[in-house]
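To convert, note that position 216 of the sequence shown is 216 in the UniProt record's numbering; the numbers rise steadily by one, no gaps.
To be clear, the hints were calculated from the coordinates, so they are not data collected in a lab. This list has only true hints and no planted wrong ones.
Simulated restraints, written as ranges between beta carbons of each label pair:
(1) Thr97 with Gly21: 38 to 46 Å
(2) Ser121 with Glu55: 22 to 30 Å
(3) Ala104 with Arg44: 40 to 48 Å
(4) Gln173 with Gly141: 29 to 37 Å
(5) Glu111 with Ser34: 37 to 45 Å
(6) Gly119 with His63: 37 to 45 Å
(7) Gly27 with Glu114: 30 to 38 Å
(8) Glu90 with Asn64: 39 to 47 Å
(9) Arg31 with Glu90: 40 to 48 Å
(10) Ala6 with Arg31: 19 to 27 Å
(11) Ala65 with Thr97: 45 to 53 Å
(12) Ala65 with Lys108: 38 to 46 Å
(13) Glu114 with Ile206: 18 to 26 Å
(14) Ser54 with Gly141: 27 to 35 Å
Cβ coordinates follow ideal geometry from the N, Cα and C atoms, glycine included.
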Amino acid sequence: MTVSTARSTGVMALLRAEILGGALLPGTPLRESSLAVRFDVSRRTVREALLSLSEHGLAVHRHNAGAVVRSFTAEDILDLYRVRRMLESEGVRSALTAPEPALAAVSKAFEAVEHAARGDSSTVLAEADMAFHGSVIALNGSVRIDEFYNRVATQMTYAIAILQRHEQGGSSQTEVIVAEHRAIRDAVVARDVYEAQRLVLDHIHIYERKLLAIAGEQRRSVSRRPAAEGRRRGSSPG
Numbered sequence: 001m002t003v004s005t006a007r008s009t010g011v012m013a014l015l016r017a018e019i020l021g022g023a024l025l026p027g028t029p030l031r032e033s034s035l036a037v038r039f040d041v042s043r044r045t046v047r048e049a050l051l052s053l054s055e056h057g058l059a060v061h062r063h064n065a066g067a068v069v070r071s072f073t074a075e076d077i078l079d080l081y082r083v084r085r086m087l088e089s090e091g092v093r094s095a096l097t098a099p100e101p102a103l104a105a106v107s108k109a110f111e112a113v114e115h116a117a118r119g120d121s122s123t124v125l126a127e128a129d130m131a132f133h134g135s136v137i138a139l140n141g142s143v144r145i146d147e148f149y150n151r152v153a154t155q156m157t158y159a160i161a162i163l164q165r166h167e168q169g170g171s172s173q174t175e176v177i178v179a180e181h182r183a184i185r186d187a188v189v190a191r192d193v194y195e196a197q198r199l200v201l202d203h204i205h206i207y208e209r210k211l212l213a214i215a216g217e218q219r220r221s222v223s224r225r226p227a228a229e230g231r232r233r234g235s236s237p238g
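Model the full assembly from the supplied sequences, consistent with the hints where possible.
The following block contains the structure:
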């Protein structure tokens, strides 16, 4: 790894942490010049970091406007969760014949969810959450399916982190999260394919609906903003 690559990777990791942690909100501009000054690196290094963020689905480039932190649309949510249904449904079906080490990996991933739920980081919990679902998908035993999931896992983690911050349910909400994942773990380890399938699909449906509601709120907020700014300009002394 070259020095330049190491620097861009470092900047990307810092920005990723701030996006997942909520320090950089959806729609926040990611300006090369200001980020270069902030991190004391070249604009080229920042450009490479922003490109990597885009490849992971955490930023989008707008024509003549540069990069901004991704905001999820309803279409984004529906698309991501269609992918989850396909991959996780196939994963739980494979539980019937999956080798014991693969089932043990699901249990270990659940323990990480439990541990993260005892902390106060929405990012850590979201990452543990999606790692658990990744372990369910891995029951397929397909390297290519795992690689495909890994390409969209960061976007899914980001979506879950947004939801957890939005709900801010404290211990009661984390208890629900742990209970839902425990039930899925138990069904998978017991090789109860029917029950695991039901639990996974119910879980996905609930979180898809919640994220669609948040996306709708954000869309309405953005649409109200220009009107409010117009009223302020109109009331200014001239």
